[in-house]
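Asker: Produce the complete structure using the sequences and hints provided.
Last residue of the sequence shown: 587 in the numbering used here, with the numbers rising by one and none dropped.
Rather than coming from a laboratory, the hints here were simulated on the basis of the structure.
Hints may be right or wrong, so weigh each one.
Below 25 Å or equal to it, Euclidean Cα-Cα: the simulated SDA-like pairs (lysine to any residue) are [unchecked claim]:
| no. | residue 1 | residue 2 |
| --- | --- | --- |
| 1 | K19 | Q231 |
| 2 | K203 | R85 |
| 3 | K444 | R402 |
| 4 | K203 | E318 |
| 5 | K19 | R238 |
| 6 | K203 | M230 |
| 7 | K203 | G351 |
| 8 | K444 | P249 |
| 9 | K456 | A386 |
| 10 | K456 | L388 |
| 11 | K456 | D177 |
| 12 | K203 | E227 |
| 13 | K456 | P249 |
| 14 | K444 | K456 |
| 15 | K203 | L107 |
| 16 | K19 | L263 |
| 17 | K456 | E102 |
| 18 | K203 | E81 |
| 19 | K456 | R169 |
| 20 | K203 | G234 |
| 21 | K444 | R348 |
| 22 | K444 | N461 |
| 23 | K456 | R165 |
| 24 | K444 | P96 |
| 25 | K376 | D399 |
| 26 | K444 | F104 |
| 27 | K444 | T349 |
Label pairs and their computed distance ranges (CB to CB) [claimed, not checked]:
| no. | residue 1 | residue 2 | range |
| --- | --- | --- | --- |
| 28 | E81 | D101 | 19 to 29 Å |
| 29 | E39 | A537 | 31 to 41 Å |
| 30 | E47 | E81 | 27 to 37 Å |
Note that the Cβ used here is the ideal one computed from N, Cα and C, for glycine as well.
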Amino acid sequence: MNTSLHTRSNYDKFPATETEGRIWRGWEEIGVELVRCTDIERPLVVFDTYHGVCDEELTGALARIWPEAELIRTEELFRDERQIRSMTDPYVTDDELFGYLTPLGLADFFDPERLNEARERIRHRERRTIVYGSGAGYVAPNADLTLYADMARWEIQRRFRARAIHGLGVDNSAESPARQYKRGYFNDWPVLDNHKKSLYNRVDYWIDTHRPGRPLMIAAETFMQGIGRTVRRPFRVVPFFDPAPWGGQWMKEVCDLDRRQANFGWCFDCVPEENSLLLRVDGELFEMPAQNLIYLRAQELLGAADRRRFGESFPIRFDFLDTIGGGNLSLQVHPTDEYIRRTFGMRYTQDESYYLLDAEPGACVYLGVKRGVDPEEMLAALRTARRGGAAFDAERFVNRFPARRHDHYLIPGGTVHCSGAGAMVLEISATPNIFTFKMWDWGRMGLDGKPRPINIGHAARVIDWTRDTDEILRRHCNRFEPIAEGEGWREERTGLHEAEFIETRRHWFTGITPHTMQGGVEVLNLIEGDAAVIESPAGAFEPFTVHYAETFIIPASIGSYTIRPLVPGTFCGTVKAYVRH
7 MNTSLHTRSN
17 YDKFPATETE
27 GRIWRGWEEI
37 GVELVRCTDI
47 ERPLVVFDTY
57 HGVCDEELTG
67 ALARIWPEAE
77 LIRTEELFRD
87 ERQIRSMTDP
97 YVTDDELFGY
107 LTPLGLADFF
117 DPERLNEARE
127 RIRHRERRTI
137 VYGSGAGYVA
147 PNADLTLYAD
157 MARWEIQRRF
167 RARAIHGLGV
177 DNSAESPARQ
187 YKRGYFNDWP
197 VLDNHKKSLY
207 NRVDYWIDTH
217 RPGRPLMIAA
227 ETFMQGIGRT
237 VRRPFRVVPF
247 FDPAPWGGQW
257 MKEVCDLDRR
267 QANFGWCFDC
277 VPEENSLLLR
287 VDGELFEMPA
297 QNLIYLRAQE
307 LLGAADRRRF
317 GESFPIRFDF
327 LDTIGGGNLS
337 LQVHPTDEYI
347 RRTFGMRYTQ
357 DESYYLLDAE
367 PGACVYLGVK
377 RGVDPEEMLA
387 ALRTARRGGA
397 AFDAERFVNR
407 FPARRHDHYL
417 IPGGTVHCSG
427 AGAMVLEISA
437 TPNIFTFKMW
447 DWGRMGLDGK
457 PRPINIGHAA
467 RVIDWTRDTD
477 EILRRHCNRF
487 EPIAEGEGWR
497 EERTGLHEAE
507 FIETRRHWFT
517 GITPHTMQGG
527 VEVLNLIEGD
537 AAVIESPAGA
547 FEPFTVHYAE
557 TFIIPASIGS
567 YTIRPLVPGT
577 FCGTVKAYVR
587 H
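Answerer: Next comes the structure, spelled out in structure tokens:
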């Protein structure tokens with residue numbers, strides 16, 4: 007493991023935006039403030055929630071704050087579960103992993119008769135009334151006080167695994183975490199995100215309940231100030247780390263993770279749909295989904311061209327795949343653009359690349375089919391292995407290339423691939439993050455002790471058989487090209503493939519390195535050196551320090567910036583990605 011220069015971890019696992027304002031800690035403080043600001047006759051309070059909050063904790067707190075209040079729960083106004091399942095089945099589907107992006111809205115989940123009865127009770131209320139739950143703001147759009155409890159998707163996934171929550175209008179808590187995630191991804195989260203967008207200008211207080219029993223609350227002004235400050239400077243989202251059947255040991259040391267865990271295979275270091283954003287308010291870390299930043303400030307964050315092209319979807323993903331001391335990833339392929347649009351209703355596919363942050367001797371990457379492979383023969387061998395027959399001989403059909411530190415392999419949709427054991431991969435890709443068609447998992451079990459789903463049927467429809475040995479060597483491996491240089495720095499093009507919309511550049515530097523943006527958002531990782539400083543030539547933001555292996559985002563509104571080593575003269579490197587225009 008090439009970590010001799012990084013003997014002491016300085017990786018920041020909790021990056022935050024400093025934000026001025028008041029923060030209320032715990033239900034007692036929160037209750038005092040809520041009582042103070044509803045000191046009127048028969049107030050109407052809306053407490054809207056995202057998927058995954060702990061209803062028992064929140065409704066219990068409301069009962070203590072306002073014991074005399076009438077509580078109307080939105081779930082009691084939904085259609086019957088049988089009706090909701092029937093309505094959502096075409097989008098959730100019966101596939102283990104994949105569905106189709108829903109066109110449904112939150113209004114579709116409410117029973118019209120129950121909704122009208124509730125609105126009549128609210129209209130003629132004789133005491134304090136609280137409307138609680140997902141869609142509360144839809145039920146009662148003219149509240150005297152509106153609260154919102156948000157939740158990041160990484161925490162929702164933890165609660166799936168604990169069987170602690172259920173879906174929107176359905177009790178699916180006994181289903182596998184994969185099936186719960188699928189319902190969230192294709193149905194519940196799009197529905198609730200669209201509803202949340204309608205509330206941004208109505209919410210008075212935002213509540214963070216990511217840590218059970220330790221709620222925090224900030225006013226809308228503080229929330230918006232934090233969003234505004236974040237989008238006007240470089241920033242990082244909160245990384246989260248997960249074990250994997252193939253997981254390794256590198257991140258434990260470099261990112262200072264729990265050594266008692268068996269492994270860490272994943273780190274989502276820049277996937278705003280999944281990650282959190284932290285605001286530091288009066289010494290406390292207030293947590294929210296990073297997606298709020300995109301919904302509220304897409305133009306400033308993404309730039310005009312990327313905003314038109316991707317809407318409110320962040321187009322670039324950086325994550326880590328750690329197999330140092332671990333095993334091979336599953337042999338896999340991602341869909342083409344046409345296939346993902348037609349089959350799953352998504353706007354673009356998961357084109358990607360592997361940048362090698364580190365590698366052990368003998369590490370490898372599997373990439374593309376071998377010259378002269380018969381597609382039917384390979385697919386037949388995969389199906390035989392899936393049925394429990396002879397193990398799939400990957401090296402008979404798939405190219406195996408050595409993986410060395412700072413190599414870069416390009417993997418557009420349709421390319422057979424996987425990282426082998428002994429590699430620390432920085433995966434640079436387009437954002438859609440569940441569309442991996444596994445073909446062979448080396449005969450092992452998942453972390454739950456069960457075989458992981460294999461998708462040879464999907465894979466067979468998208469594999470590009472022309473990406474054979476010759477094509478891979480010509481267009482997919484280490485396509486480094488000098489671009490520019492100056493005093494103490496040089497720039498190289500490292501990809502990506504012509505079929506992908508992301509461009510990547512690598513900078514090596516010992517001095518101040520200029521970066522002129524191309525009109526869109528940029529994502530970078532410090533791939534060499536202990537620490538570097540990002541600065542604005544015009545003084546538009548305070549100097550921003552990043553550490554080895556940290557991923558950081560440069561909003562499009564910044565325009566230009568420089569990067570220099572924190573310690574003058576230190577040799578550093580970054581790799582950055584942006585959308586080609």
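Asker: Next, verify each hint and record whether it holds.
Answerer: Status of the hints after comparison with the structure:
no.	hint	in the structure
1	K19 <-> Q231	23 Å, holds
2	K203 <-> R85	23 Å, holds
3	K444 <-> R402	18 Å, holds
4	K203 <-> E318	11 Å, holds
5	K19 <-> R238	21 Å, holds
6	K203 <-> M230	14 Å, holds
7	K203 <-> G351	21 Å, holds
8	K444 <-> P249	18 Å, holds
9	K456 <-> A386	23 Å, holds
10	K456 <-> L388	19 Å, holds
11	K456 <-> D177	23 Å, holds
12	K203 <-> E227	17 Å, holds
13	K456 <-> P249	15 Å, holds
14	K444 <-> K456	15 Å, holds
15	K203 <-> L107	18 Å, holds
16	K19 <-> L263	9 Å, holds
17	K456 <-> E102	13 Å, holds
18	K203 <-> E81	20 Å, holds
19	K456 <-> R169	18 Å, holds
20	K203 <-> G234	16 Å, holds
21	K444 <-> R348	20 Å, holds
22	K444 <-> N461	5 Å, holds
23	K456 <-> R165	20 Å, holds
24	K444 <-> P96	23 Å, holds
25	K376 <-> D399	12 Å, holds
26	K444 <-> F104	12 Å, holds
27	K444 <-> T349	17 Å, holds
28	E81 <-> D101: 19 to 29 Å	27 Å, holds
29	E39 <-> A537: 31 to 41 Å	40 Å, holds
30	E47 <-> E81: 27 to 37 Å	28 Å, holds
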